[in-house]
Each structure stands twice: as structure tokens, then as C-alpha cells.
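Peer 1: Now for the letters of each chain:
6 protein chains.
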Amino acid sequence: MSTQGDSIHHQGPAFLSWRKLHLSKAKLKAASNTSALLAGFAMVAVVEIQLNNNNSDSEQLPKPLLFLFAICTTMLVAVHMLALLISTCILPNMEAISNLHILSLVNESPHEKMHMYIELAWGCSTVLGILLFMVEVAILCWIQFYSVLKEAAYVATAILVPFVILFIWFAIIFYRNLVAHTYETRKCGIQELEELKHVLEMGDELTTTREIRNGPLVNII
Amino acid sequence: MSTQGDSIHHQGPAFLSWRKLHLSKAKLKAASNTSALLAGFAMVAVVEIQLNNNNSDSEQLPKPLLFLFAICTTMLVAVHMLALLISTCILPNMEAISNLHILSLVNESPHEKMHMYIELAWGCSTVLGILLFMVEVAILCWIQFYSVLKEAAYVATAILVPFVILFIWFAIIFYRNLVAHTYETRKCGIQELEELKHVLEMGDELTTTREIRNGPLVNII
Amino acid sequence: MSTQGDSIHHQGPAFLSWRKLHLSKAKLKAASNTSALLAGFAMVAVVEIQLNNNNSDSEQLPKPLLFLFAICTTMLVAVHMLALLISTCILPNMEAISNLHILSLVNESPHEKMHMYIELAWGCSTVLGILLFMVEVAILCWIQFYSVLKEAAYVATAILVPFVILFIWFAIIFYRNLVAHTYETRKCGIQELEELKHVLEMGDELTTTREIRNGPLVNII
Amino acid sequence: MSTQGDSIHHQGPAFLSWRKLHLSKAKLKAASNTSALLAGFAMVAVVEIQLNNNNSDSEQLPKPLLFLFAICTTMLVAVHMLALLISTCILPNMEAISNLHILSLVNESPHEKMHMYIELAWGCSTVLGILLFMVEVAILCWIQFYSVLKEAAYVATAILVPFVILFIWFAIIFYRNLVAHTYETRKCGIQELEELKHVLEMGDELTTTREIRNGPLVNII
Amino acid sequence: MSTQGDSIHHQGPAFLSWRKLHLSKAKLKAASNTSALLAGFAMVAVVEIQLNNNNSDSEQLPKPLLFLFAICTTMLVAVHMLALLISTCILPNMEAISNLHILSLVNESPHEKMHMYIELAWGCSTVLGILLFMVEVAILCWIQFYSVLKEAAYVATAILVPFVILFIWFAIIFYRNLVAHTYETRKCGIQELEELKHVLEMGDELTTTREIRNGPLVNII
Amino acid sequence: MSTQGDSIHHQGPAFLSWRKLHLSKAKLKAASNTSALLAGFAMVAVVEIQLNNNNSDSEQLPKPLLFLFAICTTMLVAVHMLALLISTCILPNMEAISNLHILSLVNESPHEKMHMYIELAWGCSTVLGILLFMVEVAILCWIQFYSVLKEAAYVATAILVPFVILFIWFAIIFYRNLVAHTYETRKCGIQELEELKHVLEMGDELTTTREIRNGPLVNII
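Chains as they are written, first to last, in full-length UniProt numbering: chain A, 1 to 221; chain B, 1 to 221; chain C, 1 to 221; chain D, 1 to 221; chain E, 1 to 221; chain F, 1 to 221.
If you are wondering where the hints come from, they were derived from the structure by calculation, not from laboratory data. Mixed in with the good hints, there may be bad ones.
Copies of the same chain are indistinguishable here, so a pair counts whether it falls within one copy or spans any two.
As the list claims (entries may be wrong) - Straight-line C-alpha distance at most 27 Å; calculated DSS-like pairs for lysine-lysine:
no. : residue 1 : residue 2
1   : K113      : K20
2   : K29       : K113
3   : K150      : K63
Next comes chain A alone, as it looks inside the complex (with noise of 0.2 Å):
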């Protein structure tokens, strides 16, 4: 019985390593998602977008505005190319581990050498790459209502600051809820393994059949 105590503590930071790949998988596929989407939305916009669809008679669009949108068109396709391809290029290899359901093998996947690199095309993709959404939506009204009505920019430009504040506050809260969330789960999930590995020396044989058969978890564990 010893043995499989042995096994468990040899698994502790593997099932741990495990679970952190199943986290880095589900954060890429969503990053890689939002990311050709927005990014496809942004290009269509570009090319349908006419900045001088007036005559010589109405007043130009104002440079600082082309400026603005040069600029966050630019960065909100760059920035969601870079998620995809972060994204693209690291996904394949955790695929391949965690399709085969062998715990074992989780050291081979990239995920933790790649670390920085899934939280940085994650962060690109939501945080950086929807609040730049959102500002370019805000540009486009301002270029469409410019010669129409520059009151209703102003208005729409300022329903949004508000959402932007909103924004960048629960970035930060998610940011800090998830930081402390994950150190003190982390902390919890070795205690807990610890504790499983003491149940396990002790157990009955009783125990020992009904985890057995419980296939998936004892994949797993």
C-alpha cells in the first residue's frame, strides 16, 4: 500500500502541473476565439470605412481623429494577431498532451517553460484587445456623426468613459482575485494532497476498491 502512497507523492506537483495545463488550454482557446473575431470585425471596418465620402463643401475630419484611428486600428489588429499566434503556436503542443489522458506525460507539455507567453496573449487578447474594441467603436461614431452632428460623438464618447473605468477596475479586481485566489488554492491543494496521501496509508481495503474503479479519477490521481 506504501506504494501507491509513493505514487501520490510522486503525483502531488504532476496532478498540480496537470490542472495548470488544463487552465493555460481553456485560457488560450478562449484568447485564440476573441481574438480572430474582433480582429476580423476591425479589418472589415478598415476597408468599408470611407473617410472622404464627402464633397469639397462639408468640413474635413479632423487629424487628430485620423490619428486616433490609424492607430487603434493598427494595435487592435497587431495586438490580436499576437494572441493568435502565441496562441496558435502553443496550443497544438498542450492538445497533444492532455488528448492522451496520462498524467505522466504532463513535464512534456510546454506550459510551464511557456508560461509568461499564455498570460501575455491572454492579456493581450482580453484585457488590452477588448478595451481597444471598444475605443474603436467609440472613433468609428466619431467619424460617422463628425459632419452630421458632433453633439452625439461627445454624448457617445461620454456613456463611454464610464464603461472604461468600470473596465479597467475589474481588469485590475479579476487580476487580484485570481492572483490571491490561485496562491491560496495552491497553498489548500497541497495541504489536501498531503491529507489524501495519509487517508490512502490508512485506508481499508474497502477504500482501496471503490477508488479503483472510479476510472477517470484514478486516471487522475
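Put chains B, C, D, E and F on the given structure of chain A with help from the hints.
Peer 2: Okay, now just chains B, C, D, E and F, sitting in the frame of chain A:
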């Protein structure tokens, strides 16, 4: 046998939390799908609408209509982007837990701590977002029909009014029903688990065997 | 063995409710997919159609046609948004239950209480929504052909008439068949469960063993 | 052991019906996916085509071409909407049955009663709908090329003719092959089940054990 | 034990047919996805391209270019629609068989009889369809650049030429490799099955037990 | 017991090949999804961009910009079509093998022979394709801004430059890390399998029983 009873007693709240995890996950997925789609259509509408397509001989669009269009579009995109952000941030953490199918990890999922944000994302996306989409289409009808036939735009608005009322009424009904429903079933759920614990402590060997072999059931209860 | 019989007797209505849950879930999913797609196309049509594309020399579109277009578009979007709202509200609660694969939780799913709304969402989306989409395309044909060749629009409408009649006739046939079918099979279902209970009370050891090992079957019956 | 033989004898027609259920489900899903996509493209074509884009100096589109375009578009949308309606109506009822994986419920699925409508939906969507889509593209080529280079439109039509013939020929071949194939295999299927019943009645203990453990197989036969 | 050996001998060709069924299914699915997407883009291109967007002062598009565009577009749509028809016709019959996971039903799947059509659908969709799509984009570049800068169109064509050659060369290499590969592995497959049969006839009790419990393996071999 | 050890020794390379199969499959799927999407957007951009939208009074687009646009668009579509061709050709052969879940068939999958082409498809689609998409958006910005505000186009390009550098740097880092990672883990993998073989030869009865029951694990190792 008492060990098993204890383990169920211990897992009672964990099991309820596991169910909340599944509910939150389903809500966020629904919110994320709806949000991306409707925000995309709203952006296309902003880019492709022609606010000054009439030459100087036809009458201009009235200012309140343009204000409404700017406000509604910005709100619509902002609300859906907020829902998308919340969904993209929290969902990976929950999927990483729920894909492992291990009940004891449920405490590490952020769905309890982030409960308020999940409800906010879902509420934003469904009730507010879908309502704003309906209003947006009505405004688009106004813009298209204004210089052609104003009466058609009035009729379109008149048709929309009962739908909006129906809409808000349904939202209230759903909210009340679900809240009442949740409260009621949660109470029943605890009672049921108590009874289940009792039955299992009394249970004969056959029952135990049967339950042990029901793989997925045992994994969870 | 009588315990098992009792448990099936106890689960008889629960099992029927479980099946209703699956049926409602499938209906809402179908409604939600169709709704989002068709409402999106309707919005694109509103934005991109040009109602005053003809200069003063060609004749204007007639008022009844414009009224029809305004009414049909608004109805189409409103009907699909209503179906989407109902679907997005109820579906997560049902998926959270059905994903756990535990029969006894079926009472906590809102599909019985919300039965009327589910049928409404499905009816709105399929029968009314698809019919309105067909009418919308006919109106778009009218708008496009009016100043070019009115006869082509008449022919298009003439072709659509038998389809609409076929459509309504099918909807009625389907409704009757399904209602009759449901009633009939529900009666059979109860008889069958009664017989199954009887067989199980009489059953020999071999039968029991065979059934116990059929994982998914035992989970549900 | 004779009990088991009887149960297979009893389940013979049920099993064939189960297979028909799977076939009908696959057909309706294919029909529904194709229909929504092609109808959507047809609607976009109606909205965005410009029938009077030429000023008075270039020649008008001929009347038969406009008639053809109006007829083909309306037919195309109507045929696909009909297929979508039938698919959305019947599919949920079949999915609710097939997702439970219980063979004895197969009689409650409406796929036998509604057989004619399922074949109609599938035929509409695939044969007629895809053929009309090809013709629609040819007509669009005509409209676009008419005032530019009529010969190109003639060539496009000439290329399409052998494809349409190939198309109809394939449809007939497929239909005959599948009907012949279905008839033949159904006869074999019944013979095979008879033999299987025989083998099982003769079977020794080892065979029985092996079959019982093959979960999915036992669930169905 | 000889019974088991016989059953494997009997299932040898059935198993090879089962694998061909999976291969054909995967090919048709890939063909159907690619076809719908590329045909849709081609139709959008036909509707939205403006062939006479230049006033009388700029030069007209040359006739051979217009002929090429008409031919390429019609071929592209016809080839993909043909692939879609074949795929929609045969795929449901194959999915209905493969979803049941019963090896003995493999003879009822039409993938052997319809082998030629499946290869045709796949070849149309991938090799011919993708090649035509590349040519279509080159023609669109020509149309857009003709009245602006002819040299750019020449450069674009010059870039495409090596890709088309690479394309055809790859198609030939793939075809040869896969045909050779299939032939070789099929020979090996039969030898392997012969050896497996031998091993099983010689096999000791332990081996048998191990194999019997490997659910999915036993289902298929 | 030595038989089992031998079988693992025999399956050592097969298992590594099985993992490579999963990795290649995941890569090709990612490549195919990205390719279809980005090529589609590129085609829409070609069709909808207006290169001569300015009347004779505004200045013409410069020749190098038009050359760049023609080259970049053609390369973008050709690269993605090549990736799509390779993916559509090889993926069905690999899916047909991997869906059967039989380890011994891994030699019949073409992923070893076609290794070079798979890497080429993946590299084309991700690194080159995504990079070209970013450049394409920058060129589109130039075309749109050229006659309005050239400085905005310069700023957009300036923003893109660090992203492209970051992009290439990431691609190199990823490539090195993954190659190093693969080499390292492959060495470990062989050692681990050697040790596993050793443990199994030494293993007691309990271990054997536990492993045999872990269905999916045994299927693969």
C-alpha cells in the same frame, strides 16, 4: 460504512457548489456567444450606415434621432464587451476545474467569489444587450425611413412597444421564478442529501455495490 | 429486490420529466441557433438596403410596400430577439442539471414550470420567425424590382404563395402529429415502466447483473 | 438463456428503427446546416445586387433574365426555409430520444411517422436547393456581365450546363444506389439478427461474459 | 478459443472496411466544410465586384479577363456545389453506421460502393476547388488593378505562378505517397491480423482477460 | 509477466509515434481554421477596396504601395491556400487512424512520412500567414489614409514595426524552445518507458490489477 456517510456529509456543500459551478459555466458561455455576435452586428451597422446619403435637397435626419443612435450603439457595444471581458476572464478558471471531474476541487473554482460579476455579465448580455439590440434595429429603421416615409417608422416603433413591454415583463417573471425556484430547490436539495446520507448508513451490501459501479454518479456524490 | 422496484416506481415520473428536459433543451438550442442567424441577416438587410437609390426621374416605392417592409423587419427582429432572450435565460439552468447526469435532480430544472415559455420561444423562432423571413425576402425582391420590372415581383410573390400555404399546413400537421404522438407515447411510456417494474420484481439474478453493468442505462432508470 | 434470445427477437425491429433514427437525424442535421448557409447567401445577394446600376446610356437588363432572377431567388429561399422549418420541428424530438441511449424508447421518436417529411426536407435542401444555388450564381453572372460582355455570360452558362446534367445524373444514381442498398442490407440485417439470436441461444458461458462487458454493444442489441 | 480466432478471421475484411469508412467520413467532412466556405466567398465576390465602375474616360477591362473571370467563378461554384451535393448525400448514411459503433454493420455503409464518388468529391473540393480559388483571387486582383496599375497585376500573377506549380507538384506527391502508403499498409495490415490471430490462438488466459476488458478494442477487433 | 514487459518494449516507439500523431493532428487543425478565416478576409478586402475612389482632383495612390498591396494579398491567399490544401489532404488520413484508438495502427498514419509537409503547412499558416495579415492591414490603412492624411499612415506603420520585430523574435523563441523541449522530453520519454518496463516486470499482482482496469491507460501504454 460510516466513513462513506461522513464523506457524503462532508461533500454536501461541495456538491451544491459543484452544481453552481455548472450553472455559472452555462450562463457565461451563453453570454459570451450572444455578446460576440450582437456586438459584431452593431459594429457593422455603424460602419455601413450612411447618415448623410441625401443631397442637400432632401431633409436632414433630426438631432434627437442621431443622439439616440449614438447612445444606443455605444451602450450596445460597451455592454456586450463588458460581458465578453467578464466571461473571458472567469470562464477559463471554471473550465479548468470542471473538466477534471473531481468534486473536491470545486472550492478552487472562482465561481462563488465572483458570483456577483457572473450574474452581472449574464444580465448585461441577455436582458440589457438583447433589449438594446431591438432598440438599435428600430433606430436603424427610423434612419432609413426618415427621408422616405416617416409614417412607416412610426408604425415600426408602435409594433416594437408591446414587444419591449413583453420583454421587460418576461425578464421580471423569469428573474422571480428562477430566484424562487433556486431557493426552493436548494432547501429540498439539502433535505434530500440528508435523507440520502441516512439511507446509505442503513443500506445493505447490494445497494453499495450497485452504487459503486455507477461510475459518474460515484464520482460526483 | 423490492427496494429496486420501489426506486423505479419512485423514479417513473422523474424519468418522464428527465426526457421532457432533454426535449426542451433540444428545442431551445435549435431556436437559439436559428434566431441569432436570421435576426442577424435581417439587420444586415435593413442597413444595406437603399430605399431612395433612384434619382427623381424614376418612380418612388409605393407606401404600402414601405409599411410592409418596416413592419415585417421589426416583427422579424423582435420575434427572434424574444426567442433568444427566453432561450438564453432558461437554457443555462437546464444544462446545469442535464450535464450532471443525475436523475433525481430533474425536479430542480425549470423546464416544467417554464414549459409555456419554452414552447413560446420555439414557436416564435421556428414557425413565426421562418415565415417572416420568407416574407421579408419577398418584400426585398419587391423593393429591388419595383423600379425595374414590376412583373418579376408579382411572379416572385405568386411563387411564394403556395409555399406559405404549404408552410402553414405543415406547421399544423406537425403540431397535431407531435401532440398526438406525445400523448400516445406518454401513455405507452407509463405502461412500459409498470411492466418493467413487474419484470424486475420477478427478475432472476442474471438479469440483475446484466442491467447493473450497463452503466448509462442504470444511471437513468 | 432463452430470455435473452427472446429479448433480441423482441428488439429486432426496434434495433432497425434505432438505426433509421440515426440516419434520419444525420440527414436532418446536414439539411439544416446547408439550408441556413445557402439561404443566407441568397438573401445577401438580393440586398446587394444593383439591378439599375447603369445610367440611361447603357442598355437595360432583359426581362426574361429579371424574371428568372426573381423566380430563382424566391424558390431558393423558400425551399431552404421549408427544409429549415421541417428540420427545426422534428430534430429536437429525435435528439431527445437518441441522447438517452435507451433502445426501447425508439418507438416514441417521430422519425417513422414523419418519414416522408424528413425525406422531403433532405431532398429539398440537397438536390433542389444546391441545384438552385448553382443556377442563382449563373444568373448573377448574367446580371453582372450583361452590359459589359454578353459573350462571357454565354460561356459561363455553357460551362454550367454539363455540371447541371452531371448533377441530376448523380442525384438519380445516388437515389437508386441508396434505395437498392437500403433494401438489400435491410434483408441481410434481419437474417443476421436471426443468426445472432441462434448463436446466442447456443452460446457458451465465455461468449456471454464477453458480450455483457462490451458496454455500448449490450446497450443497443 | 478457436472460436475467437475464427471470429477475428471473419472480421478481418470487416475491420479494414471499418477503417475505410472512417477515412471516407473524414474526407467528406473536410470536403464539405471547405466547399461551403469557399463557394460562399466566391458568390460574395460575384455580387460585390463592380465590372463597369469606371466612367467612359478610363479604359475598359479586356475581354479575355472577363471571360476568365466568368469561367473561373462558374467552375469554382459548380465544383464546390458538386462536392457539397455528394457529401450531403453520402455522409448521413455513413454517420448513421459509424455512430452505432458496431463493426458487423460496416457492410451496410455505402462507402465501398460509392468509393469513386467520395474520391471525386474530395478531389473536386481540395485540389481543383482550392486551385480555382487561388486563380479567382488573381483574377480579382487583375480586375481591381487593371485601370490603376497594370504592372501590379503582372507582379501578382508572377508571384502566383510558382505557387500553382508547387501546388500541383504537392498534389501529385501527396497522391502518390498516399496511394503507395495505403497499398503498403494494407498488405501489412493483413499480415498483422494473421499474426494477431496466431497469437490469440496460442494466447494464455492472462492475455485474454486483459484484452476482454479493453472495452473499445474488443468492440472493434 | 515478461510478455507484458515485451509488449511495452515493442510499443515504445509506437507510443511515441502515437503522440506525434496527436501533435500533428492538433497542428493541422489549428492551421486549417486560421487559414480559411484569414484567406476569406483577404478576399473580401480585395473585392471591396476601392483603388480609384478619388476623382481626378485628388492625388493618385503611389505605385510602390499598389505593388505592395498586390504582392501581399496574393502571397497571403496563396500561403493560406497551400496550408489549407496540405491540411485537407493529410488530416483525414490521420483522423481515420486516431479515431479508432488502436495503438498498433499508428504506423499506417502518414504523419511520419509527411512530417516535413505538416511542419510546412503549420509554419505557412501561423508564422508567415499571420505576419502577412498584419502587413496587409497596414497596407489597407495606407490606401485609405493616403489621400486624406499621410501622417496617420506613417504613424500606423511606426506602431506596427515593433510588433513585427516582437513577432519574429517570438517565432524564433517559440521555435527554439519547442525544438529543445521536444528533444529533451523525447529523451526523458524513452528513459521513463524503460523504467516503467522495469517496474512492471518487478510489479506485484495488485499493481497489475489496478493498471488493467484503467481502461484508456491500458489501451495506449
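Peer 1: Determine for every hint whether it applies to the structure shown.
Peer 2: Status of the hints after comparison with the structure:
For a Cα distance limit of 27 Å, the shortest separation of K113 from K20 qualifies both inside one copy, at 12 Å, and across copies, at 20 Å. In the homo-oligomer, the alpha carbons of K29 and K113 lie at most 27 Å apart both inside one protomer (18 Å) and across protomers (23 Å), since each shortest distance falls under that limit. When the C-alpha separation of K150 and K63 is checked against a cutoff of 27 Å, the pair qualifies both within a copy, at 15 Å, and between copies, at 10 Å.
Violated hints for the displayed structure: none, as all numbered hints are satisfied.
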